[in-house]
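Using my numbering, read the sequence shown as starting at 1 and increasing by one per residue.
Honestly, I wouldn't trust all of these hints.
[To be verified] With a straight-line cut-off of 30 Å between C-alpha atoms, the simulated DSS-like cross-links for lysine-lysine are:
#1 LYS270 with LYS359
#2 LYS410 with LYS378
#3 LYS378 with LYS432
#4 LYS414 with LYS31
Keep in mind that the hints were calculated from the coordinates and are not lab data.
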Amino acid sequence: MSLIILAIIMVYTIFSWLCPLMIDDYMFWDKYLAANNGSVMPSLSGYCTYVKDLWLYENGRLANMLCAPVVLWMPKWLWAIILAATICAIYLSAARLVNGSWSISPLLLMAVWICCILLLPWHDYSSLMLIDYALNYFPPTLLTLATIWAAYHIGNGRLFRQARYCLIIFIAFLTGVFHEGFSMPLLAALSVIAAIRRFSMPAQWWGVYIALLCGTVISAGSPAIWTRFFTTMDSNAELHLRPYLRVLVKTTPMFLALSTAVIAALPFAKSRRILRNILSDRLNQYLLLTASFAAVMVIVLKAPVRATTGLNLLLIIFLLRSVKSLDIHISPKSSSIAAIASLIAVSLFYTGVLRWQFKIYDENRDIYYMLMEEEEYKYSTIYMDTIRHAPWWTLNHPVVGIWYTSIQMKFVNKIYGRPEDIPPVLPSILEKHDFSNQVPVPGNPDFLQVGDIILMKDDNVDIDNLPYNWRFTLKNGTEVGSYVIFVPFLSNNGERWIAGFPTRIQVKGPFLNIRQTY
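Let the sequences and hints guide you as you build the complete structure.
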């Protein structure tokens, strides 16, 4: 067991250490600079202004309030260790919830780890290992599991001594204030459980509920959260059924798969009996209700894939508890062999992942050296082909495509004092491209193409309003959908252009047609 725990901590410490600052990390760095008169030095008044501005114009999450301090003042090695310990604690907590007790077997812990490798959304717009995303999804996940554990045990009649109960109350409050996307589904689930039991819950249970509610009021009470909510509800994405269904399947695959399995099992008496046994378990009720409300929230708000981190982990726990309830007997010897084989397989997998992540780390170290130390690049673009995709067998773990995002370009330029209209990095194919001799896309002459990149003239185009979803007709006639990231730049002849980078590896030029999905 100790060897597995050590392996988890080592893997994620190295992984986090190799992840460069990117995207939202720079955004919250910039927000702190704006709040503190351009200084990165710690300042109580500057930090209070930063927190106030976040609550008014961004969201009320403690996760984002901690982002700037972690990015600016915490040593990278210390953050890497804290994040690795948090992820390890999540896996251990999940395994204990599966087992229903404090003691767990090495095989169970490995089963949780493997399920998380396969089913958590490690890469969305960027990686879960990015500092801001990690703060938004790993600590709230751990806090949610702890609050569920406490509420379940108190609801079953266990009472805690004063010191431990105060800690539980603090954890419940932190769960509420850290991220409303975790606390609101949990609060709804606890409300349903209390209603089912006719609100006859122990006083300590209500203390946990009230602490969670108070934290949620702070995080979800941000005016910016409600502005975003009503903006999302007013959007017409749901009118376009095919794109919306694709987003739905992408964001909630485990929820949809389990729902389908339950529906398929209903016609059979034996299956219904097994389902009743599983669903009558009170801990399963906490898990399923919280996951169900989380799924509804993700679907209604059309949330990004990374928002399903907590939802998927709850479903992993529920799935493993369901398997455990079947009383499948495994001998101690077979269990040990399976745990060792699993650890070897996971170690080999992460060896490959970390090898690719080191390539990305090394590449970014070279880029920042050139941007900051070499005079010729301080006010010009570096043309190089940065890593855009990792092999399929890495399962979307490495932090790829960093320099193919307009947000990355924007904030790197702002923070390092570069001209805002000159991207730090562009693909090498654009360096010597003849912009006076363009190749149009046959089916859509508004777009030009060079390699796998689409181009359009920057004639006062509002890049923020360009759609992300596009359909590409490849040279063999196949139509493939992909997000497209647009980046404005100055060409080698001084003209303003916008480059569009398809995010899917299958989208290869030349293209026969391009059309927006919605």
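Hint by hint, here is what the structure shows:
no.: 1; hint: LYS270 with LYS359; result: 52 Å, violated
no.: 2; hint: LYS410 with LYS378; result: 15 Å, holds
no.: 3; hint: LYS378 with LYS432; result: 20 Å, holds
no.: 4; hint: LYS414 with LYS31; result: 11 Å, holds
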